[in-house]
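Letter by letter, the chains look like this.
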Amino acid sequence: MEVDKGKGEAEETRKVAEADRDTVTLKSSDGKLFEVSKEAAARLSTVLAGMIAGGSIDDNGTDLKQIGSEALENVVDYCNKHANSIPSAALISSSISFNTAPFKEPEEWERKFVDRLSHDALFDLVEAANFLGMERLLDVTCHKISEMMKGKSPDQIREVFNIKNDYTKEELEEIRQELAWAFYDD
Amino acid sequence: MRRFFSCFSSRYCGGATTSDPDITGAGEEDDIISRLPDDVLSSIVSLLPIKEAARTAALSSRWRRLWASNPLVLDDIDLILSNPRHVSAVTNTVTSAFIAHPGPFRSVSLRTYFSDADKDKYALRHWIRLLAAKRVQDLALSNIP
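Protein sequence lines, in the order shown, are assigned to chains A and B. In terms of full-length UniProt numbering, the first sequence opens at residue 1 and continues consecutively. In terms of full-length UniProt numbering, the second sequence opens at residue 1 and continues consecutively.
Calculated from the structure, these hints are not laboratory results. A portion of the hints provided could be inaccurate.
Here are the in silico distance ranges between beta carbons for each label pair [stated by the list, open to error]: (1) N84(A) <-> L141(B): 22 to 28 Å; (2) A133(B) <-> G54(A): 42 to 48 Å; (3) L139(B) <-> R136(A): 21 to 27 Å; (4) E135(A) <-> D138(B): 16 to 22 Å; (5) A133(B) <-> A83(A): 43 to 49 Å; (6) G54(A) <-> L139(B): 36 to 42 Å; (7) K152(A) <-> L139(B): 45 to 51 Å.
Mimicking DSS-like on lysine-lysine, the simulated pairs with C-alpha atoms at most 30 Å apart in a straight line are [what the hints assert, rightly or not]: (8) K152(A) <-> K119(B); (9) K152(A) <-> K164(A); (10) K104(A) <-> K134(B); (11) K134(B) <-> K150(A); (12) K51(B) <-> K164(A).
Please read all numbers here as calculations on a predicted model, not as lab measurements. Each residue gets a CB set at the ideal place from its N, CA and C atoms; glycine is no exception.
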């Protein structure tokens with residue numbers, strides 16, 4: 001990639017080549033660099049799309065100071081995998097539901113992608129997706145977290161996520177009364 | 001885009017937690033889910049079946065209003081599958097959810113069967129009134145015995 005910068009002609013060629021590059025380089029808060037498909041980044045992240053369109057992409061690595069390297073690696077991995085995946089028929093037609101829900105079920109590879117993450121990595125990825133305006137990745141990660149909550153009692157959910165119960169006994173009783181229909185087991 | 005603008009409200013989110021658990025004052029007691037912004041948490045809650053979504057109000061004061069802060073998504077198939085024999089229990093739960101949630105309703109799918117009986121007609125009219133009052137965006141109503 002080294003170019004002789006002394007020659008005007010070579011410089012021109014370099015500029016053209018970079019404008020034509022099909023990847024962008026992103027830099028994590030801890031200074032690590034990651035290459036990501038430009039097309040996928042622009043399609044999946046409203047923030048990156050804005051930066052690409054606005055020309056604020058740095059060829060030496062666009063600074064994303066809010067995102068650590070582990071989360072950014074996952075973001076980039078997701079974008080690159082997405083670039084290579086073919087939308088499945090399952091995304092278009094839904095079998096059981098009436099298809100009115102705005103949320104589309106994660107695809108098999110997306111499921112596997114989030115399943116392998118630790119709690120910490122998953123939550124860091126949610127924050128990164130939120131920051132970068134990545135609607136689909138946010139949906140997929142939020143879906144995973146909701147799966148972790150499903151079928152559990154409030155006590156069990158608190159245990160899984162270390163949520164501190166700051167209610168008094170009286171307040172908790174008031175909520176159970178107010179939402180009795182939700183607590184009543186049919 | 002609302003979700004985007006409220007991002008990173010709480011703390012630094014780098015990958016430092018495994019190597020330096022003490023830096024974040026975290027350790028085992030770290031409440032990892034509460035660092036997410038409210039609108040992300042309410043999106044998560046809205047993916048739960050309606051009763052479980054409402055029950056998250058009991059988790060902690062931060063969660064109290066989350067289930068009602070996101071437009072309601074209700075599909076009564078969750079209730080029917082968990083309770084196939086008690087149609088009245090399903091309709092009661094749906095009615096209670098419609099009353100408890102302030103609206104708007106984003107997506108409501110109902111396939112509870114209503115007959116020609118007066119009692120059924122009344123219940124269905126009640127639902128339609130509630131749905132109109134709380135502003136439902138997408139409604140799928142199927143009345144097949």
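Checked hints:
no.: 1; hint: N84(A) <-> L141(B): 22 to 28 Å; verdict: 41 Å, violated
no.: 2; hint: A133(B) <-> G54(A): 42 to 48 Å; verdict: 44 Å, holds
no.: 3; hint: L139(B) <-> R136(A): 21 to 27 Å; verdict: 26 Å, holds
no.: 4; hint: E135(A) <-> D138(B): 16 to 22 Å; verdict: 18 Å, holds
no.: 5; hint: A133(B) <-> A83(A): 43 to 49 Å; verdict: 46 Å, holds
no.: 6; hint: G54(A) <-> L139(B): 36 to 42 Å; verdict: 40 Å, holds
no.: 7; hint: K152(A) <-> L139(B): 45 to 51 Å; verdict: 30 Å, violated
no.: 8; hint: K152(A) <-> K119(B); verdict: 35 Å, violated
no.: 9; hint: K152(A) <-> K164(A); verdict: 16 Å, holds
no.: 10; hint: K104(A) <-> K134(B); verdict: 24 Å, holds
no.: 11; hint: K134(B) <-> K150(A); verdict: 27 Å, holds
no.: 12; hint: K51(B) <-> K164(A); verdict: 21 Å, holds
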